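Undergrad: Numbering (the numbering used here), first residue to last: 2 to 797.
Don't read these hints as lab results, they were simulated from the structure. One thing to keep in mind: the hints can contain errors.
Lysine-lysine pairs mimicking BS3-like chemistry, simulated, CA-CA at most 25 Å apart [to be verified]:
(1) Lys438 with Lys634
(2) Lys708 with Lys311
(3) Lys744 with Lys271
(4) Lys371 with Lys438
No experiment lies behind these values; they were computed from the predicted model shown.
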Amino acid sequence: MKNNKFPFFASLLLSTLLSACGGGSGGSASNANTNTAGSAVSVSNNARQFNGVVAKGRIAGGRVLAYNLDQAGNKSATSFASTITGGDGAYSISLPGNISSFIIEVSAAPGALMYDEATQSDLPFPEGLILRSVVKQGANPEPVYWGSVTPLTELIVQLAENAGGLTATNIDRTRAGVQAMLGFDPQRVSAIHTTADTSLDTHVDEKIQGLSLTAISQLALDKAFACDANTQGARVVCVVSQIANAGKLEGGTLNLRDDVRLALRASLEKVAGDENLNKSGKSSVAGVSTFTNSSLPAPVPEADKIAVTKQLFGSLRSNIYAVSNAQKNGGLDLRLNAVKTDFEKAIAPLDKDLLVWSKTITEGIDQFNKYRNGQTRETAVNGLFYGQTALWSGYQNIGDLGDCTVMRDAMNVATTPAQAAGIECRFSRFILPGTYKYSYKYQVEWVELVDRIWLEPIANDVSRFNYRSELVQQKAVFVWNEEKNDFLRRPVKPADAVAMNGNSNATYTGQMSFAMEGNKLYAFTVEGKMPPRTNSSGQLISDFESWSLRTDRNQTVDGNFRYDFSGELKSYVKDQVSSRLALDKGSYAIVALNYKGNLQKNGVKEFKLAITAEAANSKVRGEIKIGNASSDKNGLSYQPNRIDFVGSISSATGLINALEIFNGQLTVERFAYNNFDSSKPESANNFVRKAVALSGVVQVPERPPLKLNVTASNDAFGSNSILAQYMDGSSVINAQMSESLSKPRIVRVSSSSGVSFDVFGSNEVADILQNGSKVGWLDIKAGRISYVDGSFETIR
């Protein structure tokens with residue numbers, strides 16, 4: 002996954018659910034089931050087999066008993082199969098041909114061990130812990146089936162029992178509700194340990210289930226729910242019991258006690274961010290629906306297995322058709338690149354540049370006034386571009402922030418207060434990719450984009466400056482200095498700097514005014530034109546900017562500084578507004594300064610902006626939080642590592658005809674950026690993990706609102722994954738896609754009514770199952786769904 006290609010919107014996923022990412026040669030439907038690795042399981046035609054794994058963590062040597070369930074949900078007096086789990090928690094039992102519904106119970110046996118993730122140790126399997134899974138298979142089930150037994154499947158069993166017993170209807174309803182709550186089917190997802198290094202190369206739904214089981218162990222260690230027994234094993238028994246008894250079926254809804262749900266979600270987020278407990282690479286659960294809702298749909302499913310299968314594909318087909326049709330009519334644009342581009346263009350000025358620009362200018366005006374009034378001999382703030390700035394001890398710690406210098410003219414620094422004719426301020430936008438060059442003990446150089454602005458005081462007006470600004474592409478050269486034992490910045494040569502102008506004859510000029518309290522500047526305003534914006538490759542995306550901005554600066558009680566922003570910023574292309582950004586009340590940043598009064602490395606404490614933005618066919622309104630900033634390994638790039646947007650996105654820019662297409666939260670995260678060398682290409686040893694998450698409601702014309710949760714990430718080099726869930730009022734559909742350098746792509750889709758299909762690698766045919774019974778097969782190449790009763794329908 003490349004840096005600039007975060008999956009952004011849901012239609013991408015909805016489309017891949019039907020196309021299932023197929024490719025390669027075709028094939029025919031297979032009667033063999035598959036295990037979680039996608040390989041065929043070979044069985045004899047006259048036997049049925051049920052395989053699985055038992056985990057809270059891994060349970061080795063546990064006793065497994067299987068009991069028949071009659072139509073009333075009553076358990077048989079004796080078991081029809083028994084076994085002991087292996088060292089990896091795996092088990093296998095044979096099923097008599099006349100049994101379709103049964104319950105698996107796992108309990109302690111002499112010498113049985115339970116791995117505990119929170120303490121990362123094997124504990125004696127607690128005598129009081131029984132884990133169960135209830136299985137309901139349809140007519141003519143597959144000869145081999147697979148299922149996990151965990152505390153999450155125990156929740157399904159106890160919900161059904163508390164609803165009146167293990168009847169077929171109660172089982173279906175509780176499974177539907179729990180799948181909606183988790184975002185995956187706990188019976189059909191393999192249990193893994195996120196504390197193991199091998200978890201890095203597992204499927205995304207396995208990672209989320211593994212983190213959920215680790216979260217239960219962490220709750221026991223934290224003595225949640227008043228589970229304060231002396232041993233971790235006893236506390237695990239208590240926590241599992243609390244969770245299993247926290248749900249209740251009421252009508253067509255599963256309700257989970259809010260205190261339990263909140264504790265589970267908090268623990269899930271905690272262990273996901275703990276590198277000692279989570280080695281899966283899935284460092285964030287933003288956008289994951291697990292434990293986010295207390296009330297979930299748990300309807301009585303349709304009895305006809307073909308009818309419920311058609312309901313799944315009908316939901317997918319209807320929603321995708323509505324999206325596609327709306328795009329053709331121009332009423333809605335959910336295309337990945339279009340919305341992503343609109344969103345990024347609309348909020349382009351809201352990266353660190355706005356804060357750095359405001360802080361640099363205010364400090365520059367402060368310094369100019371002090372120097373001209375004889376209060377200081379220092380002409381520079383930061384001294385980043387003028388003077389012999391050291392690379393590792395100087396530039397690296399400042400990152401790509403800004404500086405200002407008191408000047409006597411455009412080329413020369415003032416040497417006396419009487420010469421103070423103006424200020425030149427500069428700040429680097431970023432280093433152009435691929436331009437970093439390094440020669441040990443010789444020189445370091447790169448090409449950077451730098452904003453330069455010249456401020457000149459207006460005659461007979463101590464509170465206003467005229468300004469002119471330009472965007473320059475220039476070479477930065479640092480030469481080794483033996484005395485300093487560091488690289489020192491060489492003054493920029495005129496030949497090394499090239500001004501970048503948009504397709505306009507506009508000059509980037511205007512006025513700035515400021516307000517003082519004593520000798521402290523506390524507010525300033527900007528009215529005028531600014532240089533064009535660029536993308537991450539340094540290409541111009543506008544001709545010029547128009548700024549009407551006010552910044553207020555105040556010191557907080559804890560010694561930090563707060564900058565409040567208000568105003569409007571516009572981008573122009575060919576003299577037409579291409580994007581508009583309004584900063585509303587409540588937009589501010591809080592920063593920490595060092596002893597010199599300069600912005601510290603990692604000194605941005607809080608950055609929150611209330612915005613209304615428009616670009617192309619998208620309108621954005623809401624709140625953006627930017628934070629967790631850090632430098633890369635070499636200190637060449639200082640970037641925020643988390644951006645949260647909460648608000649709405651509409652498909653038209655006009656206030657009257659805007660159609661809201663999304664309302665919710667979007668989160669973009671980057672992990673371990675401090676270990677990444679931005680001057681080198683990504684590789685297995687130089688890699689940044691990234692994630693994007695979306696949670697909210699998508700409104701598609703002529704369709705019910707889609708309640709959507711999507712998370713996409715690359716947890717390891719060369720890997721990609723998507724985990725998604727949507728509810729459209731009639732269906733709850735979960736899906737995941739995972740691929741890595743060592744594993745072929747797998748797409749899993751399931752509905753809360755028990756319908757599922759998996760597509761492995763380049764296979765173009767997939768069996769469709771409903772409660773373990775084959776309903777039909779999906780032929781991706783032919784675009785056709787064929788059913789066992791002889792009927793068929795097209796995918797599209």
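Undergrad: Next, verify each hint and record whether it holds.
TA: Checked hints:
Using a Cα cut-off of 25 Å, the hinted pair Lys438 and Lys634 holds, with the two alpha carbons roughly 15 Å apart. The suggested pairing of Lys708 with Lys311 holds, with an alpha-carbon distance near 21 Å, which does not exceed 25 Å. Among the hinted pairs, Lys744 with Lys271 is inconsistent with the structure: their alpha-carbon atoms are about 28 Å apart, more than 25 Å. This hinted pair does not check out: Lys371 and Lys438 have alpha carbons roughly 39 Å apart, beyond 25 Å.
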